[in-house]
Amino acid sequence: MSHQGSKESSGSVTLASAVSPAMGMRGRAPSMRQLLTRHWSALAGAAVVLVVVVSAVAAPWIAPHDPAGQNLRDQLAPPIWHAEGTTEHLLGTDQLGRDILSRLIYGARISLIVGFSAVALAGTFGVILGLVSGYYGGVGDILIMRLVELQLTFPFMLLALLVLTVFGAGLTNIVIVLAISGWAGYSRVVRAEVMSARERLYVEAARSLGMSDSRLLFRHILPNVLSSVIVLATFSVAAMIVQESALSFLGLGIPPDQPSWGGMLADGRSFLSVAWWLGVFPGLAILCVVLAMNLVGDWLRDLMDPRIRHG
Amino acid sequence: MSANYIAARCAQAIFLLWGISTIVFVVLRLSGDPVLLLVPQDTPPEVIDSMRRSLGYDAPLPEQYVRFLGRLVRLEFGESLSFNQPALGVVFDRFPATLKLAGASILFTLVTGIPLGILAAIRRNSLIDRIGLVIALLGTSAPTFWVGILLILLFSVRWRIFPSIGDQGLESLVLPAVTLGIFSTAKISRLTRSALLEVLGSDYLRTARAKGLRERAVLLRHATPNTLIALLTVISLEFALLLGGAVITETVFAWPGMGRLAIQAIGARDYPLVQAIVFVFATLVLLVNLAVDLLCPSLDPRLKRG
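Quick note, the sequences are listed as chains R and B, same order. Under the numbering used here, the residue at position 197 of the first sequence is numbered 197, and the numbers go up by one with no gaps. Under the numbering used here, the residue at position 211 of the second sequence is numbered 211, and the numbers go up by one with no gaps.
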């Protein structure tokens, strides 16, 4: 395809330009206003992610109530701007009188831990397989690519349900399931990039100087494919957070005694006709975090693809 | 297209089906003795033994596996443990409902996503491009089940326009189809936009413009056809996600399809049924992928081999 051709020819430029804008800011020193207007969406995304990370870490200090604390007198209290709302519960309470805001703050912990650890696991595994597959080729490449196809054909939801039913729900198992579902994308991307990098002059030069395969792979080729991996990983964190919440929503993710955004939505489903806030706020929280990660991902992708940046 | 290529692709599809079935077999057997899950706790051991024998779970695992493969070739998955009917039959009973849902949501995706993407690309950085971007961002970021809950809150609870559960005719299809399709719509619109932008800047389009073609001809005759392959490939990959999304959407809307059946079957540890469902899901995905692969060379002559 035509775009592949142009990608290959501009590949080595990609890294240089991928690194330079971030570093170039020091050189050009754009004003605050320039920064805000040109990258406002990425900045907004990064700000949201930062706020969520900070609240997740500081949950015990900033949450107004115990997230598990039931209070049957305060059942289904509406949010503060509602006529019957109170300052006691800013976003209202659920069917057991638990404070929604506090549960959202604690729920952020689950989402972030699952999102980032699943991506780290899937990314490491996928990148290594992709490097091996693209660099060495041969039988290993064929086997790995068949595995990738298998992974991409298997409907993730079914695999996840299957594994979680068999091995039990819980944080660790969710991270593993999500990692199993997510590695294939990295392998494919890395393999393609390695295959084009392998034919480049700098690789040939390094090889003719007698450099070992592993050094060549990790010191020279890996940094060149890393920009694509970082972009993929950013989007992937967002996707993992959504998938975790979906599994918790189906009752197969985080056990109900721990507040998770998906679990909160599942709990609230039966009360939608009397308490809309149970069905709105946890979803809004997921939307905000995922949107923020996607905005940062979009920005990174544009930054690392010089054709889009200058286009 | 050479016959060899078609044969190779078909062989690959069969290999993948085998792989997926094997994974399901292994994962299910790792979960322990299926018979113990089927009987009440105080069942006498003799009864359990005879049940194990009659269901074939007493044989060594390799033997069970070989028997499983033999039946797989004949498309026999055994009786569903919870329905007491042939498992494949139970799946096919629910098949039309899922197909209807998937079809409606793909239709929704195509008629909204592609025009939105084309408009956004040709009016780059205009208001419509920005609106498209916001829609796409929200669509890809909002979890499917939450979109479903919001739609129920608005259209069923508040305005009472559409029913919120079950399959009660065409109007009950609207909310589930939109819920299931909204993610793909967002993705397809962005993809159409970026694929189009990619070719809009290419040399052959510059040539087309340079020889005096009108912009409309450049866009429709030269640019759009070249985005079709990328689009088709993504739609085919999206299909696996769509079926996965069907599991959630069908649960939210109590839609009587294969997705909800999957949840029930897994919850009940109905092994034959789970195997049949996964097999049907995977076959569907493979058939769609295969069809797109075989179609692509006719869209792009460069892909034709030999």
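Worth flagging that the hints you see were computed from the coordinates, not collected in a lab. Don't be surprised by glycine CBs; every beta carbon is placed ideally from N, CA and C. Any given hint could turn out to be false.
Below, a sample of chain R positions facing chain B; criterion: calculated Cβ distance under 8 Å [claimed, not checked]: (1) Pro64; (2) His65; (3) Leu161; (4) Val163; (5) Trp276; (6) Gly279; (7) Leu287.
Exercise. Checked against the structure, which of the hints given earlier come out wrong?
Worked result: Of the numbered hints given earlier, those the structure breaks are 1, 2, listed in rising order.
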